[in-house]
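Undergrad: Listed below, chain by chain, are the residues.
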Amino acid sequence: MGASVLQVKNLRTVLDLSSGSVPVVDDVSFDVGAGETLGIVGESGSGKSMTALSIMQVLPQPIGRIESGEILLEQTNLVGMSDEEIAKVRGREIGMILQDPHTSLNPVFTVGNQVIEALQINNPGTPRRSLMTRVVDLLKKVNVADAARRVHAYPHQMSGGMKQRVVGAIAIAGAPKVIIADEPTTALDVTIQLQYLQLLREIQDETGTAILFITHDLGIVANLCHKLVVMYGGKIVESGTVSDVFRAPSHPYTEALLNSVPSVDQKVDRLYAIEGQPPALSADRKGCSFAPRCPYAQEICKRDVPQQEAGLSGADNHFASCWNMGRKT
Amino acid sequence: MKKTPKLLGRLPFLPIAVLMIVLVIPALFADLIAPHDPFKAYLRNRLQPPLFFGGTTEFILGTDRLGRDILSRIMHGARYALVISLVGIILGAIVGTVLGLIAGYVRGVVDALIMRVVDITFALPSILLALALAAVSGPSFQLVILVVVFVIWGFFARQVRAETLILRERDFVARARVAGASDIRILRKYILPNIINTIVVLATLQIGVVIVLEATLSFLGIGIPRPIPAWGLLVADGRQLIVSNWWISFFPGMAILLTVLSVNMLGDSLRDWLDPKLRQV
Amino acid sequence: MSHPPILKVSNLTKHFSIPHGLLGRGEHTVRAVDDVSFALEHGQTLALVGESGCGKTTLVRMLLRLLDPTSGNVEVEGKDINTMSKSELRHFRTNVQAVFQDPWASLSPRMRVFDIVAETLVVNDNLSKGELTRRVDEALIAVGLRPEQANYYPHEFSGGQRQRIAIASAIIARPKLIILDEPVSALDVSIRSQIMNLFKDLQQDVGCSYVVVAHDLGTTRFMADRIAVMYLGKLVEIGPTDQMFDDPRHPYTQALLSAALPLRVDNPHEAIVLRGDVPSPVNPPSGCPFHPRCQSVIGDICKTTEPKLRELESPEHRMSCHLGSEL
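Chains as they are written, first to last, in full-length UniProt numbering: chain G, 1 to 329; chain C, 1 to 281; chain A, 1 to 327.
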């Protein structure tokens, strides 16, 4: 694992709604190194997808904007770049894989054409014909069976898993430094999901790209990621290496989340349930956003935002933000 | 709990104001507010120009060849424009919605049959049809309504069918079947309430079409019979004098233009407001 | 004589013909569900698992009488649901209910919660207004909502609460069998366990049976007494949950269950990664439909002969694979 490729520092993204400016990403910081996979875990409204959209700078317009913070791709700050500059970064230095393979591809072009499109961004002026062999190589790399014939296929002639592979080929066409994958396997069947995760691992082994993997599935995180960030209500509540966090979850939300997922290893009679609902978007928030659902919540939790505490489980990169860290048993 | 946005606050002020002034208020209160009797010929004041064009405050928009007050005639004409568009559209919407619901819900042969009839009505030139009917029965109020229904029901049928096809596959319809709801109940309680918005928007947008249609028919002399001051007839009255006495056709024409324009603007904003996808955020 | 099982499915088959070719003159037959048989006892839960195109959705629609079978039959408490009299059908409609996956699509946005929840009773029973209100209140309380929420519209609720409304409307007529079609997969992770516990509680309180369709295997293990695995319209293995998880016998079941990624980081998880995609049900492979992806093909027999469902050590546990049959 090399130096930081992508570094997000104190990112704050807001949506300007009629009810006011609502922070959807609030003081979020993390970094991903080359060859490293960072999982961002959260549920709807946690800000995990907004974080990805902020990095790509494709926030919903005109209401979304980055209010403050830095997004450093190697040493370059992406925040404040012009549209032309950021367009060059997208597709070349950052690849993106979204949840739904059916809407990620353009239905009226062959998949070969769409991969060529991505290659041309990086090799401007190269004739399309000469890129064709590269396309077939790329499709082979993402395990599209019968790649030489498939380049002429249209998206509707492919299965969901196959399409998502093509999306993957487009994402790696520019040999990006970072791949942002936003729930890339949620729409796939479980056996196909497994193939896809293996593919991502192979691509990473081969190219050393950093992967930002956004998901709600803790099983995937446990098996694919090196580090993870747990988000709740727009904030990071806990972060660390996967093994530290899974062995010793320090934030009550992480702990509850890990406990509430039904195990495939053994049968239980009752699941641990987190009561209440995830927080709604709101302009005025006080205290810890998990406090209303937290079994350990006290007065201070409802009043003040907890500060991040480092050095948990003996590792200086294991952080959590909770008032009760020392107190709960 | 979320607040429901207020409808009135979201609708555009200007088109509503124009519609009230040009169409609704005159239609409802023409007897009270019209300065003159629309049928009374002030023979001494024939072809009076409008105020500011050499006319007087007595006949603000001027008079026609027989000396009838144009403003009063437009105001009384609004009544016919409003009644015909309301009656015609309501009847057309009912016919179209019922047939569209049946086509979309039953599918198969029934659907194919109804949709072919829609295609045929779209293919038939409505003006020719009106001419033929007028030749048989003579121009009448009922004839205009009949032509209006004939022209617009297909728009409703098509749109309602398309939405019914989608809605009938939704899970809440499946749940209603599982609960044992009959087809009639499903159509009435589950499908119709979910397309009523579309019908309202479509109906609003059709008002413009119908007013132009009614004016055209009247202009051609196969619509509302004289001497009723229908807008189309008023425009027709000034036809020969359009160069020398432009106001006779111009003001009724403006009434038609303003009404149609406002109704269409209103329909567009109504559609935006009722579309839940655009309503979020 | 013992009671007939709550649900008995015998040789259930559904074929669809889809037009093919430019003018729709050719026809393909899709065997969406092919010769499926199983039974479910009172108070038990059966999970149907399988990937897209395996036919579980079609099967569920036949169980709910939303779709007529091509052949075979479905019996609820010993009565064939497709040859019922009017009054029997009325009883069936209160006795068998469903909860669907997407709580945003399964509640009509134009109906109040009261009307949504009351529907089964309104349609089938002639209750007084007061009695109806009492039953709706009761159902809402049973799913953890407040009676006064009956006056709201669905859009005023979150996903988890909407699923609770759907559950309230499913249980109000006190059905004996509820079909749960992916009941938690559209919900947030932190909400899922609430809803799954609710299903368990309801089962304990009223003794109803569930058929649950799920692709999340953790859900399956938690909810189900027995699991039926489907592949391309066919039942490939069925058995008690613990046996299926601890000792899956069909190679497809083995791969499917190993694809569930456990929440542990200590010892790496050994998953069986299958080759290729699920074949199209329009043109299924010859012999055993799973053979092109199978990691345990034993010979030509897999390509030529379709294996029949056979009993393993206990009659409870059956599978269709040539593996071990040669002994």
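A portion of the hints provided could be inaccurate.
Claimed, not checked - Here are the in silico distance ranges between beta carbons for each label pair:
#  : chain 1 : residue 1 : chain 2 : residue 2 : range
1  : A       : GLN295    : G       : ALA175    : 30 to 40 Å
2  : G       : SER21     : A       : THR13     : 50 to 60 Å
3  : A       : GLN295    : G       : HIS156    : 24 to 34 Å
4  : A       : GLU138    : C       : ASP119    : 47 to 57 Å
5  : A       : THR13     : G       : GLY276    : 12 to 22 Å
6  : G       : GLY276    : A       : PRO240    : 30 to 40 Å
7  : A       : LEU127    : G       : VAL58     : 32 to 42 Å
8  : G       : ASP146    : A       : SER325    : 31 to 41 Å
9  : C       : LEU14     : G       : SER19     : 42 to 52 Å
10 : G       : PRO60     : A       : GLU88     : 28 to 38 Å
11 : A       : ASP266    : G       : ASN106    : 42 to 52 Å
What the hints assert, rightly or not - Restricting the straight-line Cα-Cα distance to at most 27 Å, the calculated cross-link-like pairs of lysine-lysine (DSSO-like) are:
#  : chain 1 : residue 1 : chain 2 : residue 2
12 : G       : LYS267    : A       : LYS79
13 : A       : LYS86     : G       : LYS267
14 : A       : LYS176    : G       : LYS267
If you are wondering where the hints come from, they were derived from the structure by calculation, not from laboratory data.
The beta carbon of each residue, even a glycine, is placed where N, CA and C say it ideally should be.
Undergrad: Run the structure past the numbered hints and jot down the numbers of the failing ones, going up.
TA: 5, 7, 9, 10, 12 and 13
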